[in-house]
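Enquirer: The chain contents come next:
Number of protein chains: 2
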Amino acid sequence: MARARIAIIGTGLIGTSIGLGLAARKDREYEIVGIDKNRGHVREAKKLGAIDREAGSLEEALKDTGLVIVAVPTMAARQILKDSVPYLAEGAIITDTCSTKADIMHWAAEFLPETVNFVGGHPMAGREISGPGAGKLDLFHGATWAITPSPRADEQAVNIVLGLIESLGAIPLYIDAAEHDTYAAAVSHVPILMSVALFRMVRDSQGWEDASFLAGTGFRDLTRLASGDPTMSRDIMSSNREAVLHWLGRLEEELGNVRRALEVGDPVLTDLFASTQLDRDTFLTNPPQRRVPEGPETPNASDTMRRMFFGGFYDRLKDVTNKPGVDRNSEELRRRLGIDENGNARN
Amino acid sequence: MARARIAIIGTGLIGTSIGLGLAARKDREYEIVGIDKNRGHVREAKKLGAIDREAGSLEEALKDTGLVIVAVPTMAARQILKDSVPYLAEGAIITDTCSTKADIMHWAAEFLPETVNFVGGHPMAGREISGPGAGKLDLFHGATWAITPSPRADEQAVNIVLGLIESLGAIPLYIDAAEHDTYAAAVSHVPILMSVALFRMVRDSQGWEDASFLAGTGFRDLTRLASGDPTMSRDIMSSNREAVLHWLGRLEEELGNVRRALEVGDPVLTDLFASTQLDRDTFLTNPPQRRVPEGPETPNASDTMRRMFFGGFYDRLKDVTNKPGVDRNSEELRRRLGIDENGNARN
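Keeping their order, the protein sequence lines are chains H and D. Numbering follows the numbering used here, in which position 312 of the first sequence is assigned residue number 312; successive positions increment by one, without gaps. Numbering follows the numbering used here, in which position 186 of the second sequence is assigned residue number 533; successive positions increment by one, without gaps.
These are calculated hints, taken from the structure and not from any lab test. Don't be surprised by glycine CBs; every beta carbon is placed ideally from N, CA and C. A few of these clues could be false.
[Said to hold, decoys possible] Selected chain H positions facing chain D (Cβ under 8 Å, derived; list incomplete):
hint	residue
1	PHE111
2	ALA146
3	SER238
Using the sequences plus the hints, can you model the full thing?
Expert: Structure follows, in structure tokens:
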């Protein structure tokens, strides 16, 4: 009997952390395969126990695989979606971890056959170091994980991705892709630019050495995002440029407000610091509550977990693995891909 | 025989953390007294074991005390220096933890008698929460602790403050007060303003609730400094305004550079992210090395520790405690303070 299989495409920080979480399930009955354009990364992920096996090719990774997790920067994810088409099993579930969601949803709709289920995802977690060695079993514990299902994805597929998210200890958040990108620009993408600007400001100053001696946890925390993967950052800015430029303008305005408070002095200055401390503490201790929608759109977490690991998920993966090659024989797929009856994709 | 005594003025985050470190020394032969204008804070510090005893007044805290640690915001520190004058023991060592150093050095020279030793200090460590409950034994472990001795402070006094710093696990850095303030503005004070601006930008936007759901570790880290004590932040900006405004202008320029990179796109954008990642990683793994001066200005850490806890420090504190009231009988002090022969200070 074929084993259920999960494929992780990209075994950097995020892919490896996902793999560590999935591999840690003692009751698991699925195999985890991994692939990365950086062979060293996939070998390290295997050594760390994040994957069971390295796939030698995208075809090998995707063949008969029920759940595909694309954990690479946005532009690379675009290419992987394109390249995956000939190999995706019918009914397979594909999810991603890209920092922007509108583009990837667009590409999924453009490239992927209707026989597969694309469920966009974005874990709001990271570290200042990258690569598989930075992977952590608990990287996603308590983190928000945005989920943007495609209209075509069926409910069971969405629930399986929810189960994946919850099994990693994260909190799923349904959100529209465009809305995600607008707000992610404010809370995630512009902060990257702030980190870069602050670091460059000090690093490029004549007093860099002396300043560096004084740099403590504040400087380190505020420049942390400047150590992120440059390709990821570039892709984020390219695929969310308009929103990022909007919020960058807003940030400049806020810095102008701060400057004026400095110039005016008290009581404006103390009020600014005191109200911001209060607002932020309230955000930390009593954050805005999500209005969770009622009904079938709100799967029960433990149901989803059970389904994923013991019930529907396993059955689903088994279903897929029992129908090898079905994807390449579909008329719909051949049309979409422009492949011949022998299943050879034209590249 | 009188016990050697250390006084901590201000038992918030910093004062309590210092007390916890000093109290943890099993071999200690000194008493730690604490005082805070917030009585709840000093009681909590005592409960936490950061101080042995609450002093009922500044006089009680300072009388016969060998080492005084002023751990309050800058403007409050100014007042404490002024108010302390009648009570400081001859030969006492006074240090502080203020975030700016030029003003406090100026005030120490202006207010304090020549019979005491002022050694300015600034631990480059903090937390996003304040108060004694936030105090941590290891808050200063590995942190830089700037030290700005007054020209009048004798070498032994400086060594005792060095011993204090090193016993808390921090790394002392000799620096000129003005130079400290210039660079602290870049790596510490402007980052506070950045945190405030970023938090306000998102908090005051119409999409705050939705954005808050997506806010992950990046947003939390980059806005951490906005939760700092408002009085401390206000004092920092007031006492280092010129330097802060200078660096704020530089930050705005850097954000302009980042904006241009976004508009131009690659290869400029990727180059910016890649070179900044490289530079920051180099800073973390291989930071600029301090050119440590040779000779008596470089006390050996273990010597200093030994001196502080077993040798000179204890002797020194004992000396002081064996000469109660000597300060108030000094002609020099009476002149400076305008007190009468009975030692009654005119307030």
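Enquirer: So, for every hint listed, does it hold in this structure?
Expert: Against the structure, the hints come out as follows:
1. PHE111: This hint is violated: PHE111/H lies away from chain D, its Cβ roughly 23 Å from the closest one there, beyond 8 Å.
2. ALA146: 6 Å, holds
3. SER238: 7 Å, holds
When each numbered hint is compared with the structure, a violation occurs for hint 1 only.
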